[in-house]
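> Produce the entire structure from the sequences given, and follow the hints as far as they go.
Protein chains in written order, with our numbering: chain A, 1 to 308; chain B, 1 to 308; chain C, 1 to 308; chain D, 1 to 308.
Heads up, some of the hints might be wrong.
A pair holds if it fits inside one copy or across any two, identical chains being indistinguishable in the list.
[As the list claims (entries may be wrong)] Below, in silico cross-link-like pairs of lysine to aspartate or glutamate (DMTMM-like), each with a Cα-Cα straight-line distance of 25 Å or less:
1) 212 to 84
2) 45 to 20
3) 45 to 32
4) 45 to 21
5) 212 to 202
These aren't lab readings, by the way, just hints derived from the structure by calculation.
There are 4 protein chains.
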Amino acid sequence: MPTFEELLRTLRTWGQWGPDDERGALNYVTPDVRRRAAACVRQGKTFSLAIPIRHGSGPQAGGARINPLHLMTATGCDQSARVDLGMGAGYVDDVLVMMVQGGTQWDALCHVYYDGHLWNGYPATTVDARGAARGGIDKVHGDFVSRGVLLDVARAQGVECLGPGYAITTADLEATEARQGVQVGDGDIVMVRTGQMATIGDFADWSRFRGKEAGLHWETAAWLHERRVAAVAADNSMVEATAQIPGVWVPFHMLALCNLGLHLGEFWYLEALARDCAADGVWECLLAAQALPIAGGSGSPVNPIAMK
Amino acid sequence: MPTFEELLRTLRTWGQWGPDDERGALNYVTPDVRRRAAACVRQGKTFSLAIPIRHGSGPQAGGARINPLHLMTATGCDQSARVDLGMGAGYVDDVLVMMVQGGTQWDALCHVYYDGHLWNGYPATTVDARGAARGGIDKVHGDFVSRGVLLDVARAQGVECLGPGYAITTADLEATEARQGVQVGDGDIVMVRTGQMATIGDFADWSRFRGKEAGLHWETAAWLHERRVAAVAADNSMVEATAQIPGVWVPFHMLALCNLGLHLGEFWYLEALARDCAADGVWECLLAAQALPIAGGSGSPVNPIAMK
Amino acid sequence: MPTFEELLRTLRTWGQWGPDDERGALNYVTPDVRRRAAACVRQGKTFSLAIPIRHGSGPQAGGARINPLHLMTATGCDQSARVDLGMGAGYVDDVLVMMVQGGTQWDALCHVYYDGHLWNGYPATTVDARGAARGGIDKVHGDFVSRGVLLDVARAQGVECLGPGYAITTADLEATEARQGVQVGDGDIVMVRTGQMATIGDFADWSRFRGKEAGLHWETAAWLHERRVAAVAADNSMVEATAQIPGVWVPFHMLALCNLGLHLGEFWYLEALARDCAADGVWECLLAAQALPIAGGSGSPVNPIAMK
Amino acid sequence: MPTFEELLRTLRTWGQWGPDDERGALNYVTPDVRRRAAACVRQGKTFSLAIPIRHGSGPQAGGARINPLHLMTATGCDQSARVDLGMGAGYVDDVLVMMVQGGTQWDALCHVYYDGHLWNGYPATTVDARGAARGGIDKVHGDFVSRGVLLDVARAQGVECLGPGYAITTADLEATEARQGVQVGDGDIVMVRTGQMATIGDFADWSRFRGKEAGLHWETAAWLHERRVAAVAADNSMVEATAQIPGVWVPFHMLALCNLGLHLGEFWYLEALARDCAADGVWECLLAAQALPIAGGSGSPVNPIAMK
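Structural data, given as structure tokens:
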């Protein structure tokens, strides 16, 4: 097995889709892939894979990343409306202040860099206070629609939730595939379930997300590349396991996001979908997980919808 | 034809889905409707129907509603990261401050009220500074997935853009159906094109949205009800035409939103989809227009995806 | 000594300055008081009594109240300015998102209410989503200029910091006066030092502010009234001691703010001023603690300046 | 008279207070200056020189700079409080979202740069997404307390308001001094009145601030330097006149702020103070115009208080 440094040097898709490409692995999602994805809708069921956006609440523990603020500028209690609508009518309006990356979201390709470069070799300095000129979420906001495949690693291992810091290997992923009878392939958006969201109650107890978290081992980047996966999401805060390599905070991010152009989905809520898939044995869906078109955004909040 | 006051008194679905319902006309979207909607995906094409979210830019003209602020808290230019990731790595992060209703969006059922009541008879005072206890967008955030039908009224009338203040009648809608060879029905999300978005250039010139706008006549609420439409969206700022009835600011909102529980989609960008539909003569699609799960929100930004 | 309930019923200045007054005890600050206050400036020294406003940092522990966000919209690193100033010039701009009450601040008279009324009997419902029509900080934003008197209770008791939950009594205040050789009187702004700010290091360790805090006993409201104090501030989060009366969260707020119209200053940084006063034995100053003119605000951030 | 380019090369205080200084001309404010300033308080009168901070209202015309948002998170109308205070008590809380430079404010020394440098030669790149490491407002937030001298140029010229684009010269300033019988000197904060604020009604009509504005001619930077002025403020949006030199947007900013380290105060409301000074013939005051301690801020909102 190659070392992390070897993979970092060799596992790379820069230039694969031309020097100006900003879609990365989303290029694997062809019309043909989407047509087949739509055929996954057999019962007309839908599942929302997002955690709520609640004022002053959520997985962020304080510090530089806040939980959302949801602020009403007009309510049904105001003595007289700001604007006269006639007929004793009134309206309700609100403002949202949120980290682009605070809850259920996509990381854009510009979200992480090393040695001064984003994916495809764009200089990190192309991201300044005006946002990302390269690799922003606005370059792919409508592209996250494909076949979704859920790999329920926790269930495959017979546990409610993988242990703190558990690093899911390629062997684990393939064992899950085998157990579920599903095969990840071209243009799929892979969703990995660690079971962490089973511990949060009414989206209120985020303690499990604040220490060591279970998630992908950095080596799985090679497997995701080989399978030509379009994007990967998980029910934890960083897709990858925490503290895999001393001194390297997010090795999987480096390989997947910076080297391979794989968008990462974080804080996805997979509980209801997983129960349904376990019940009917069908682990694929049409996944509509489009981002908001935030110009130069390093990511986007998203409400992914799985249709079966 | 009944008067507005008569319709206001008689055209009403309060209680139709029980005293505690908060989904309104979205109840028309059954699994069966969704299964048929998915069958609309024949070519694997997708269209994003959202305008960009750009810092300090957009359709809002100032005053109490602002255009979005997109604010970077970490960039590729910072001399040293806020957090040490090791390996010379860095990250990019950002904050979004936006009106829930500032760009491409859904109005929740709590967005407008009259005589002290929201749709289904909930008291307007259930919406306070903590958000909407009733009729918030969080009650339906995953439900906006159905067959989408585009009614290109502008194209049907042979104009680039309907005139300022033009009020689209039921007859106009039916003439458009006939011309397009499509029939609006049970659980559809109807998208009405006035052509206003053809005038904005690179999403920069919003002057057409600041005077009198073309949009639906209030009387069309009856037709949408009769056809059991699930929701209705348009490429203008309020779905309805401006200044239809002296002293009543938004008569269609009263009928559609407060009386019928019809969610309204505003500032939808229909240009590319309309060109495609005109080219192939197919005016239906699978529409995934899920909202963000904003707890108690009066609406939500949305990036609707039409799949054909 | 009267009980809390007795004081709540009897200690009240509603109507004292007329039915429309919104200044409360600040009425005690007359031109004459201010002229004498200015005479306290003998050496030309100034002390800032505010804690820093730092991005993502401060005394708030999460939940519905956030620490400030300081967000740059233009920096010296952007590759090209948003606006061309000519001459290779550039500019720097920023946005502040903050709780009005998150750091060093004034509570406005509208900040707390009970039995449906604000100070002077204004209905609590005069404060709606549009802000406070009555008792907002904008009604007094320029009025917080008077003689300041520091009562260093911690130093008077020979401790670095009063113990958790210690409730400062009238006897404590008078003992401090006696020890310092100063007399609180007409129109003074009283600053009470518990010593809690001595524990925060570089404004980074706020643990002392998150459990039980030392502060004023509710009974001191009577003494402050008797002395005709204009406003009172302290180096803790609520001026008063925490958990004085079971089931009544903020009894001093009820008496001082709602009943007496006394503005309260919280999170004041008194360390440097206290050292100087201890050194020269002069415990009075000219205090300029004007608020920002936030229309309808429930308070305001403030940078109080003490001049000696 | 030297040309602008000559002044730009020669009129410079970099290094005058050492290579690490971040106070600039505020160094002229000595204890002695402050003691004399306090002696200006003769009647105990105060004047607030700030415009209101109102939700969705103010001098900003849209685009990247917004007017303030004032957003209530708890009001007197909420059906039940977010937090139970006991006793039927409730509280009111609010959030402020504002440009640091949107209303009455100070420009910090880091606010403008040219040729890659801030005042005192600090690299412009010391200002990044984390704020200004050099020249931020937090380095001087308590220093803006000194003698204030109002130069009412409009009144001296016998007009309500100087004409659009009128550039006030050194001769104009000296003529105003002579007419008023006042002499600007060491450590003074000079306030220049153009009369523009006489045109805004109830802080609602800002049209006069959106075209060409009256303000200081760039040449006055030399005079302010010679007089050892500590800072300068005006009742317009940029202190200086608009469009003085083709292709150079803000020549006075370059000289005063970047070259001389002179902090600039903008959008100051001088109307009431000016009327009082005209009435009693006394044009000096004790000015307390402290900034908020915004770490790394490019400026700060301020409520300047003039005491006479």
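> Against each hint, give a clear statement of whether it holds in the structure.
Results of checking the hints against the structure:
Proximity of residue 212 and residue 84 under a CA criterion of 25 Å is satisfied inter-copy only: 17 Å between copies versus 53 Å inside one chain copy. For the identical chains of this complex, residue 45 and residue 20 are inter-copy neighbours only, at 22 Å across copies versus 39 Å inside a copy, given an alpha-carbon limit of 25 Å. When the C-alpha separation of residue 45 and residue 32 is checked against a cutoff of 25 Å, the pair qualifies both within a copy, at 23 Å, and between copies, at 9 Å. Only between protomers do residue 45 and residue 21 lie at most 25 Å apart by alpha-carbon distance; the minimum there is 20 Å, versus 35 Å within a single protomer.
Within a single copy, residue 212 and residue 202 get their C-alpha atoms as close as 21 Å, which meets the 25 Å cut-off; across copies the closest is 29 Å, which misses it.
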